[in-house]
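K.L.:
Listed here are the chains, written in short residue letters.
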Amino acid sequence: MKKIERKELLMMTGGAVVGGLTGYVLSGAPFLMFQDLAEWTQDQYVPLKGEIKLLQSICQSCTTKCEISVRMVADRAVKVETSNAACPLGQASLQLLYHPERIDKPLKRTGNKGKGRFVPVSWESAMADISGKMNALVKNNKKDAIAAINKDINLSSELLEKLITSTGSTNVYYESSLNALTMSALGGVVDYDFNKADYVLSFGAKLFEGWGVPGTMNKVLASWPGSGKKLVQVDTNCSRTTSLADEWVPVKAGTEPVLAMGIANYLIKEKKLISAGEGFAKWAQYVYQYDMATTAKLTGVSEDRIKALAEAFYGARNPMAVAGRGAHGVSSSASEIIAVYALNTLVRSTSVSLKQYTGMGTGKNPAGIDDFIKNGNFELLFINEADPVYKSVLGKDLAAKMEKAFVVAMMPLINDTALYADYVLPSLTFLETLQSDGQTVLKPYASAKHAGDIIIELAGKIDAAKGAFPWTSYLDAVKQAGNTRGVAGFSFKVDKLKEQLSAFKKQKADAEYPLSLIPVEMPLVGDGDGMAFPYVLKNIDSDSFMLGKMKVLMNKATAKKEGVSEGSSIKIISERGKIGSVKVHITDTIAPDVVAVPLGFGHMAYTKYAEKKGVNPKEIMAADIDPVTGAANWWGTRVKIS
Amino acid sequence: MNVISKFINDMKELYKSYPKNIRITLLVLIALVFGFGIFAIQILFWGLGYTDMNNVFTWGNWIIGDLGLVALGGGAFFTGFFLYIFRVEKLEPIINSTVLIGFMCYLFTFVFLLFDLGQPLRCWFGFAYPNWGEHLMPTSMLTEVFFCLSAYFCILCVELVPVALRHKFLDNVPVLHAIGHYMHKLMWIMAAAGTFLSFFHQGSLGGGMWDVLYGKPGWYRPHHQYFFLAIVAATAGGTSFMTLCPYIAGKIMKKEVMPKETYWTLTKISGAMFIFYTLFRTYDVYSMAAKYVPMADRNFADIYGGYYGLWLVVLEFLFLAAPVVLLNLKKFREQEKFMAIGISGGVLAIITSKLEVMLHGFSVPNFPWRPFAAYNPTFQEWIITLGCFATMILIYTVFAKWFRLFPHLDHEGHGEGEAH
Amino acid sequence: MKTSNSKMKRRWGMAIDLDKCNGCGQCSISCAQENNMPIFEDDSDVPKRVSFLDLMKVTNDRDASYPDVKVAFIPKMCQQCEGNDPLNPTPPCVSVCPAVATDVGDDGVVSQIWSRCIGCRYCQTACPYEARAFNWWKPKYESTFKKSLNSDVSIASRGTIVKCTFCSHIWKRERDKAAANGELDINAVTYSPACVTSCPTGAMVFGDLNDPASEISMLSRDKRAFRLVHTIDEKSPEEQKKLMKIKNYPNPKVYYLSSQKWIRDMMRFNSGK
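Just so you know, the sequences run in chain order H, D and L. Position one of the first sequence corresponds to residue 1 (this note's numbering), numbered consecutively onward. Position one of the second sequence corresponds to residue 1001 (this note's numbering), numbered consecutively onward. Position one of the third sequence corresponds to residue 2001 (this note's numbering), numbered consecutively onward.
Chain H with its partners taken away, still in its complex shape:
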């Protein structure tokens, strides 16, 4: 064999290497390697596939009961199909159903209240403990120490009312929704017929932004254009409702009831109308004080315009005046609710009627939550899916009282109020709820139970309630729930309201607190319930909250007067206290001398998605307890900024 010289060896090796590399590259192997690399590094989750099914259900979020279909992939619910109906509550329900922080077992507190430390326990032990405490209180004649706070008027609140009142206690309250406040003010809720009415005079009610029953109002809006109906919106700030209305009547902050009384004044004086209702004559005496000049001065609406509004309201075929100064969580005082309702009774509107829920309103004052927090005492408190520690202006006071009492909360997610609970009992979403035809969409989440079932089960252990609860499950009860009957009459309650009625006139130009703090409910967030859901967060625009900083809105001229500019950091100070770390966004959609603050921020607990974002302005909002409703009239607070 010929000796291979070093040079040849080098050349052969070099050639082999070059040849190998060329072959490797040209074969495409490097590209495949890159492709594998790209796929490997991404490790993206792949949603599990499965059999596709469409389950029919009825959304129980409100009384509209829209029909929905739920798209299922195997046992996972992936989409709620509403097909031109319903409202965001239905769509967002999947985010509640599958929320990682959803409570799946009854929880018992360990550690101090307010820290939010719980351990899971069994239903048996929880129920035994709770019923034991409740029975003991009744036995020791302390029935009035038993109380309940409900969120909404629905089946479970009816059942809870029944349970509490069966012990003899009258301390059943509702969060300050328009219906609860109206129940206190007028003895019933107002049923508005938007289909019948052709002239709607709305006093700040954000009709198309969550007011009333969203499912119904959406249908109203769909049919509104071209219908010939007229919507006149009385409101301080520009909102979607004022923009969709046929006419927007801007009023100074907090003067909606004044305008109502001014119009009533015109109707009584010029049109010689009288209204049904006990105490009308006495009420009319106060109304006489709100003549055109006075009303114009107080509200900022010109005399001519007030007259024109009154004339139009009077002259319409089916006029209807609507109260409720916000969407869901913002409302009005008793005198405002009564005054607006009186406009309907003055013109004998056939589009409104007063009705009462037969199973409801059995407590001494359904809306009197803030009065109760301030002046009441309790040793056992039930919280039915409500969040009064967060939503009430006296939330801190309530938390202090809850620390000394035994508290049972029923809710699917831990919220600010649940931090002070001794037991948190998990309740269900409507998707897991048996319909009356026996169908359910999904199996209940872990060991959560329907709030109604929880109450019925508990009632079975309460001696005082024996006999009052013939049902075995809420399905039984549902047939007898939600019944209403007409309310014969209402009272103007002048004796209780005379201070309020004259107070509007004495407008003290507050030099120390020159601005009005007005709450705003944003789409999907509402007054805070939406914040736990990530897809709701995606709709919060940068003019409300961005990168940890909440923004308040101010008018251009007011901002200039106060010496703030776009993005300035300010503190807002009221008689009750101050909040800081807010920035200013300047927009003329807000009235002069007003600071508009978004609701929903500042939760201390309500899943990581809502926690510790922004500030809760309720802490500094007005806490004057309404003499009739017993709720705080916090809708307009006088503030200053620095």
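These aren't lab readings, by the way, just hints derived from the structure by calculation. Here the structure is a predicted model, which means the values were calculated and not measured. Not one of these hints is a red herring.
Straight-line Cα separation of at most 30 Å, DSBU-like style, residue types lysine-lysine; simulated pairs:
no.: 1; chain 1: H; residue 1: Lys498; chain 2: H; residue 2: Lys364
no.: 2; chain 1: L; residue 1: Lys2147; chain 2: H; residue 2: Lys443
no.: 3; chain 1: L; residue 1: Lys2247; chain 2: D; residue 2: Lys1291
no.: 4; chain 1: H; residue 1: Lys374; chain 2: H; residue 2: Lys506
no.: 5; chain 1: L; residue 1: Lys2146; chain 2: H; residue 2: Lys443
no.: 6; chain 1: D; residue 1: Lys1216; chain 2: L; residue 2: Lys2223
Fit chains D and L to the known structure of chain H by using the hints.
P.N.:
Chains D and L in isolation, oriented as in the chain H frame:
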């Protein structure tokens, strides 16, 4: 082991021998390079969320770096063009430096581009699934950039090989010496191909990518207009930049790295291109104001507000005054001080024009209810950008010290880039 | 809705009636649920937010002072531009993609393939409507949220562009259903994207612009119709032709309707004066 410890000792001695200013500068540069390494890992592994780029301001520091580097690095092709095609021998001493700078500029353009991609591991899709249109005309300017830049980078690599081979150690190997020698003979092919390719990607990356965006009135203009403006900008700014780098190196090394005639020749070319550029750019600004911005029913004033508006254009023209005057008048061009001002002004003018086109183009609102957008690069972006620049400076320094970057220093005079 | 001529290809378009839109946000939630929007604990970094449908809050603050102010919510998704010539669509974003990750289909819908995207964001730079979102962070879904992920839509990687595709996966679902029932003509398939299906006031309408009898066609020709900041629509046909000869215009297929003049004024950059 011995080799490494000897090497480390040598480096330490060298470092100590430098004056204080140089030592501090070196430390800063090395720190930046380390910082670059750390944050590069963070960005590549955890995402571009760590930058201030967002859905409105989609590109930032790195695209500005790209545009600037490609425009200024374009001086390499233009210098090579004059040396190898037009046989302007006076440019010979500078060609090594320009090739190295060009190589580094394009290398770091790729580095920046890699960071700007959300999926750098998929970068090869640009080659495997290119967006070509009909008749080999790329539909996407970015496809054009991918291919042209890659091809030109290969050419630069080839052009750099002889410069590297001139290292004393390597030059003594007869095979390598032969390779180097023959490559010099064929360099004109590289130069011609490089010029051809550069025309395309200078135009596309610097101009074409932006002027085709017909939905964005801050950028849109006719393709032939901005495409060629970008090429002219590269020839003008690039040649000034190629002069500036050895000039600064010479000042730091306190040696004459180039014969004066080389500088005068290159700056003469630069100055002429700057006149061309200034006129063309004036027309460009005018046509935007008079014709193209109004076609989107915007007016020039509302487009040129914001944070990065008219003042950047004005600044660009102010900077342009320097090269237009000082580099074109012989009596100024041949005075070192004025030449330095002229070429600095030229480089700054081109950088400003790239800053303006990028920052401003993204800032212009797309809806009347949105304000102008601002951009505040995060720490990561700054360190990566500056780290790349620091690396470039360090590489240039290494070549200047240990390779024959500046043949003039040898006072040999033998042509190193002679084409025959 | 039947096609008058099933040989004619579809040209999907959408109309949103702002006289009926109350900004409830159901379209946005429905889209997010259908398309597996990534979940962030703090989604308040708005310029980096990943969302196909942006419910833009628009006021005429610029032109008016209190109380002549108005506010509207304008749902904005990919406007599915077609450029000057509908028969040869050239949206501003498609021609610039270096990897052909986005393309315009026969039915006019601009597709986006997240697994092809290299994340260069050139298309996002080109889009005049800010309709494209980039995954600046890795899309994540906290534990049980994964249970409600739609298996028809793949999860995109970090570093890729995602956008509204008029729910083309729903079209595919409907096509598969139709084919299973024996209907093989793809141009006979009808569907509705998630947002349109969920709109509770019927403000959103979806359909085939190539069918002159469809509701969407008629709405697109309605006198209340306009397109987002597409002011060339207000010019005379001669002027339009002249301008379109020189440059491409986006020519989107999403129409908005409003009887309120202020909204059209806000479509112009120069205060409508």
